[in-house]
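Enquirer: Next come the chains, spelled out residue by residue.
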Amino acid sequence: MDSTAAHGHLVPYRTFVRVWLVLLFLTAILVVASRISHEAAVWTMLTLTPLKAGLVFFYFMHLKYEKPFLKGLLLLVLFVLIVFIALTFLDVSFLR
Amino acid sequence: MSSATAPSHPVHKDYEGSKMGMWIFLFTEILLFGGLFLLYSIYRSEYPVDFHTGGQHLNTFIGVANTVILLTSSLTVAMAISAMQRGNRKLSITCLSVTIVFGLAFLVDKYIEWSEEIRKGVYPNGPALAKFPNGEKIFYGLYYAMTGLHGLHVLAGITVLTVILVFVKRGKITSTNFNQLENAGLYWHLVDVIWIFLLPMLYLAA
Amino acid sequence: MPLFVWSLYATAWIQVLATPILGITLLLVIVERVFGVGIFDPAKGGDPVLYQHLFWIYSHPAVYIMIVPAMGAITEIIPTFAHRTIFGYRAIAYSSIGIAAVGSLVWGHHMFTSGMGDPADVIFSLLTFLVAVPSSIKVFNWTATLYKGSIELRPPMIFALTFIFLFCIGGLTGIIQGALNVNVHLHDTYWIVGHFHYVMFGGAGMGFFAALLYWFPKMFGKKYNEKVATIAWFPIFIGFNIFYTTMLVLGYMGMPRRYFTHLPQYHTAHVIASIGAFIMVSGLILLFGNLLVALFKGERAEQNPWGGVTLEWQIPTPPPLENFEVVPTITTGPYVFNPEVPK
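If you read the protein sequences in the order shown, they are chains H, D and Y.
So the first sequence is residues 2 to 97, counted in the working numbering.
So the second sequence is residues 1268 to 1473, counted in the working numbering.
So the third sequence is residues 3 to 345, counted in the working numbering.
This is chain H alone, in the form it adopts within the complex (with noise of 0.2 Å):
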């Protein structure tokens, strides 16, 4: 019950400053991507994004601190959505 204890593990601010900076170069390249052509902007969309999520959820989220089975269960959810989508595609890609 003693939530110090608990809360035990302090990021330096450096860290966020840092991981923001990164983000904010990931979003300039999907721009710049964005510019160049279209497939530059999709393929950096399918690359970058997922990366830029992942930035935000380990770090501004402490994600990387905490215990597997969270990282596991995010994991699960996002499995399951995708299970999802690529189902109704099955569904979509064969028809006429």
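By construction, these hints were calculated from the structure, which means they are not laboratory data.
What you are looking at is a predicted structure, and each value in this text was computed from that prediction instead of being measured.
Mixed in with the good hints there might be a few duds.
A few chain Y residues that don't get close to chain H, going by computed Cβ distances all over 10 Å [claimed, not checked]: (1) V7; (2) H55; (3) S106; (4) S138; (5) W235; (6) T263; (7) I274; (8) Q305.
Label-pair ranges, simulated between beta-carbon atoms [said to hold, decoys possible]: (9) H:R19 x D:R1386: 52 to 58 Å; (10) D:F1292 x Y:G335: 55 to 61 Å; (11) Y:F326 x D:G1288: 20 to 26 Å.
Straight-line Cα separation of at most 20 Å, EDC-like style, residue types lysine to aspartate or glutamate; simulated pairs [said to hold, decoys possible]: (12) H:K72 x D:E1296; (13) H:K65 x D:E1283; (14) Y:K46 x Y:E34; (15) H:K72 x D:E1283; (16) Y:K224 x Y:D120; (17) H:K68 x D:E1384; (18) Y:K225 x Y:D120; (19) D:K1398 x Y:E34; (20) D:K1439 x D:E1313; (21) D:K1286 x H:E40.
We treat Cβ as the ideally placed atom computed from N, Cα and C, and that holds for glycine.
Dock chains D and Y against the given chain H, drawing on the hints supplied.
Expert: For chains D and Y alone, kept in the frame of chain H given last:
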């Protein structure tokens, strides 16, 4: 306590349970927006050209500006929590206030953006939209639905953060009792993550 | 952990993951109606089948939300009245999770006639057959628990056994309609109505009655008349089967759902079903009337009327605030029957 047999004891504080509860709520939010993402992916595969056209018409500048605003607000709310952990109440209040201001700025931008589109007649059942091909109608329908639902969540987040700010000021949240602040931060970060996806989906790589 | 708790845990996961999809679907319908968005409107480029996908992604898991807790209650009741520990604790625990997991992937079986692509039809049909496996695992385990048990046919047990029987019929009819070729004929007929009443009413409903009869003395501290409860079972069971078997027959005779009138060739069966319904309802009135009377005029119930060994029977009836003075120390599994302990 009225019952003679019940022991009396102070209210339990369950830090782990509270955090887990917030994360489970965030999972439901992921699936809520996930339904919209499902629709987006299916319709995009059906109308690739129209989605691209629609994306080109949107105001990318405001979209990117809003992204920067939200990313920065995520930074400030994370710092607010860190400051509270270290007992730096003043810094925590400052960072929380800045976060709220950024949230409001996001909503103002959104208002400007939507007004622009609505003035041009590009809205559901609007005159300009009626002349667009079906794929673009769907694109804009999804645009308004996704950014609208997201905007409502930003508003809810601002409300929650304001309440938390009041709690901090009143001393209800302290360096040993700050999981309400942490949970509010978690909610705000998720709102940011959703926008991280919305930006390329709607504005950059449609 | 008691298996009822396992079943509630599995149910909670289904609720967390499936309900938001319903939320967004309904929000979109509102947005469609109020703002004319047209996300599912073909005239505006939308696809109503996508609405069906989103709708059933929630609504199929929803039926598992309804049945899994009932299965959990049955899993508590059977060991108590067979005076044997549950057979295959792990299998039942994991199969609850298994039903939740696989059951979330079968939603397309509501859409076989909606014009889905062929591969989707086949995969959803296959997954539907697979989801029967964890449910059957439970049925085998309950049956194995009964084997060589000292069975007492008191009201909760009677309804628990009824659950198993009626749920099996419901489940098997579900498998039949999960076959693609057969589904073309049975979809949107009274067969479907018969099927889901067998699983929902015969399954979840009977499970609910069993649980109510089991925990009533603990909850309200009153005893109900067991004889009346047993007698009530007969019209309920007989009426139920007349009612819903007739619907299964009506369905494969071709009567469609959701029509407010029926062709003359179906009339006799409808009369029979209605008779069954009245018989069943009279039994239900008897069952619930008995409980209502017990609530107000029943004798005081003792702490452990059934000789159960799970934690709820170790505390007074009705339970005091916060149940236990001290958090109990658990030293054995949840269903250990010590022959020396008097009933």
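Enquirer: Give a verdict on every hint.
Expert: To see whether the hints hold, each was checked on the structure:
{"no.": "1", "hint": "V7", "verdict": "holds (18 Å)"}
{"no.": "2", "hint": "H55", "verdict": "violated (5 Å)"}
{"no.": "3", "hint": "S106", "verdict": "violated (7 Å)"}
{"no.": "4", "hint": "S138", "verdict": "holds (24 Å)"}
{"no.": "5", "hint": "W235", "verdict": "holds (41 Å)"}
{"no.": "6", "hint": "T263", "verdict": "holds (34 Å)"}
{"no.": "7", "hint": "I274", "verdict": "holds (39 Å)"}
{"no.": "8", "hint": "Q305", "verdict": "holds (32 Å)"}
{"no.": "9", "hint": "H:R19 x D:R1386: 52 to 58 Å", "verdict": "violated (41 Å)"}
{"no.": "10", "hint": "D:F1292 x Y:G335: 55 to 61 Å", "verdict": "violated (33 Å)"}
{"no.": "11", "hint": "Y:F326 x D:G1288: 20 to 26 Å", "verdict": "holds (24 Å)"}
{"no.": "12", "hint": "H:K72 x D:E1296", "verdict": "holds (17 Å)"}
{"no.": "13", "hint": "H:K65 x D:E1283", "verdict": "holds (16 Å)"}
{"no.": "14", "hint": "Y:K46 x Y:E34", "verdict": "holds (11 Å)"}
{"no.": "15", "hint": "H:K72 x D:E1283", "verdict": "holds (14 Å)"}
{"no.": "16", "hint": "Y:K224 x Y:D120", "verdict": "violated (57 Å)"}
{"no.": "17", "hint": "H:K68 x D:E1384", "verdict": "violated (45 Å)"}
{"no.": "18", "hint": "Y:K225 x Y:D120", "verdict": "violated (57 Å)"}
{"no.": "19", "hint": "D:K1398 x Y:E34", "verdict": "holds (18 Å)"}
{"no.": "20", "hint": "D:K1439 x D:E1313", "verdict": "violated (52 Å)"}
{"no.": "21", "hint": "D:K1286 x H:E40", "verdict": "violated (40 Å)"}
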